[in-house]
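Novice: Residues per chain are reported as follows:
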Amino acid sequence: AQSVTQPDIHITVSEGASLELRCNYSYGATPYLFWYVQSPGQGLQLLLKYFSGDTLVQGIKGFEAEFKRSQSSFNLRKPSVHWSDAAEYFCAVGVSGSQGNLIFGKGTKLSVKP
Amino acid sequence: DVKVTQSSRYLVKRTGEKVFLECVQDMDHENMFWYRQDPGLGLRLIYFSYDVKMKEKGDIPEGYSVSREKKERFSLILESASTNQTSMYLCASSLLRRVDGYTFGSGTRLTVV
Numbered sequence: 006a007q008s009v010t011q012p013d014i015h016i017t018v019s020e021g022a023s024l025e026l027r028c029n030y031s032y033g034a035t036p037y038l039f040w041y042v043q044s045p046g047q048g049l050q051l052l053l054k055y056f057s058g059d060t061l062v063q064g065i066k067g068f069e070a071e072f073k074r075s076q077s078s079f080n081l082r083k084p085s086v087h088w089s090d091a092a093e094y095f096c097a098v099g100v101s102g103s104q105g106n107l108i109f110g111k112g113t114k115l116s117v118k119p
Numbered sequence: 034d035v036k037v038t039q040s041s042r043y044l045v046k047r048t049g050e051k052v053f054l055e056c057v058q059d060m061d062h063e064n065m066f067w068y069r070q071d072p073g074l075g076l077r078l079i080y081f082s083y084d085v086k087m088k089e090k091g092d093i094p095e096g097y098s099v100s101r102e103k104k105e106r107f108s109l110i111l112e113s114a115s116t117n118q119t120s121m122y123l124c125a126s127s128l129l130r131r132v133d134g135y136t137f138g139s140g141t142r143l144t145v146v
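These protein sequence lines are chains E and W, in that order.
Per this note's numbering, the first sequence starts with residue 6, numbered consecutively.
Per this note's numbering, the second sequence starts with residue 34, numbered consecutively.
The following block holds chain E by itself, in its conformation from the complex (with noise of 0.2 Å):
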């Protein structure tokens, strides 16, 4: 079965440095993989999305993600954080051929420090 996990279930770093937040997934093919970003007291937003191609994509408010087949990874990256960046984001994975339905991490809480 397909699985997410985001080891880091909270994460503090200071405005201005760079920013990474890791997800895993546990499937047999080439995933659809997915970074959302859920600021607080709000639904959840896409930033970025990958399914084939060029395995480095980029998203919005200045995010990027790596796909990386060997390692199972699609870690979200941001080189300079902003203090609106604090937010809690979710990895997603979603399977060909299914009826669209996607898997959730359980998400990990960025807090920035001034």
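Simulated from the structure, these hints should not be mistaken for lab results.
One or more hints might be untrue.
Said to hold, decoys possible - Stretch-level coverage of chain W by chain E, calculated; a stretch enters the list once three of its residues show a Cβ under 8 Å from a Cβ in chain E:
| # | stretch |
| --- | --- |
| 1 | 69 to 79 |
| 2 | 105 to 112 |
| 3 | 130 to 141 |
As the list claims (entries may be wrong) - DEER-style ranges, computed between Cβ atoms:
| # | chain 1 | residue 1 | chain 2 | residue 2 | range |
| --- | --- | --- | --- | --- | --- |
| 4 | W | Glu112 | E | Ala6 | 41 to 47 Å |
| 5 | E | Pro45 | W | Thr116 | 19 to 25 Å |
| 6 | W | Thr119 | E | Ser75 | 17 to 23 Å |
| 7 | E | Phe56 | W | Lys103 | 26 to 32 Å |
| 8 | E | Ser116 | W | Thr144 | 51 to 57 Å |
| 9 | E | Lys66 | W | Leu129 | 25 to 31 Å |
| 10 | E | Ser85 | W | Met60 | 29 to 35 Å |
| 11 | W | Arg42 | E | Pro12 | 28 to 34 Å |
| 12 | E | Glu69 | W | Ser100 | 39 to 45 Å |
| 13 | E | Glu69 | W | Leu74 | 44 to 50 Å |
Computed from a predicted model, the values in this text were never measured in an experiment.
For every residue, glycine included, the Cβ atom is placed at its ideal position computed from N, Cα and C.
Place chain W on chain E using the hints.
Specialist: The following block gives chain W in isolation, referenced to the frame of chain E:
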């Protein structure tokens, strides 16, 4: 530009009440989903639907039911609300057989007292 609308942002109900959470999408999506979100537990799927009048149980359907009479509307029903159903409820929609990601509503924070 609003695409998935949840009728209430905050809701306070009493134990034993029947509670309706409404979700409407304007993107002509076939799939609709209801999740609950609790700290440390992530998103847990309650029910989903691929078409009008059809429903499938998710991971935690106990204590809940759903209704989908029209394609654009998916309602979550708490038959007899209990305090352990206090949570954030999120609705989402997507295209059928297209792994294109979900569009989420803003969520309903339900408190059962």
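Novice: Does each hint hold? Answer for all of them.
Specialist: The hints, checked one at a time:
Counting residues of the stretch 69 to 79 of chain W whose C-beta sits closer than 8 Å to any C-beta of chain E gives 4, which meets the bar of three, so the coverage hint holds. With a threshold of 8 Å between beta carbons, the proposed coverage of the stretch 105 to 112 of chain W by chain E is violated, since 0 of its residues qualify and at least three are required. Coverage of a stretch by a chain is defined here by at least three residues with a beta carbon nearer than 8 Å to that chain's beta carbons; for the stretch 130 to 141 of chain W and chain E the count is 11, and the condition holds. Distance hint check for Glu112 (chain W) and Ala6 (chain E): the Cβ-Cβ separation is about 30 Å, which falls outside the suggested range of 41 to 47 Å.
The hint said 19 to 25 Å for the Cβ distance between Pro45 (chain E) and Thr116 (chain W), and at roughly 23 Å that hint holds. Checked against the given bound of 17 to 23 Å, the beta carbons of Thr119 (chain W) and Ser75 (chain E), roughly 43 Å apart, lie outside it. In this structure the supplied range 26 to 32 Å holds for Phe56 (chain E) paired with Lys103 (chain W), their Cβ-Cβ distance being about 31 Å. Checking the proposed 51 to 57 Å range against Ser116 (chain E) and Thr144 (chain W) shows it is violated: the Cβ atoms sit about 25 Å from each other.
A C-beta distance of roughly 29 Å is found between Lys66 (chain E) and Leu129 (chain W), which places it inside the suggested range of 25 to 31 Å. The hint said 29 to 35 Å for the Cβ distance between Ser85 (chain E) and Met60 (chain W), and at roughly 34 Å that hint holds. Between Arg42 (chain W) and Pro12 (chain E) the C-beta distance comes to about 32 Å, which sits within the given range of 28 to 34 Å. For Glu69 (chain E) paired with Ser100 (chain W), a C-beta distance near 41 Å keeps the hint of 39 to 45 Å intact.
Our hint of 44 to 50 Å for Glu69 (chain E) and Leu74 (chain W) is violated, since their Cβ atoms are close to 28 Å apart.
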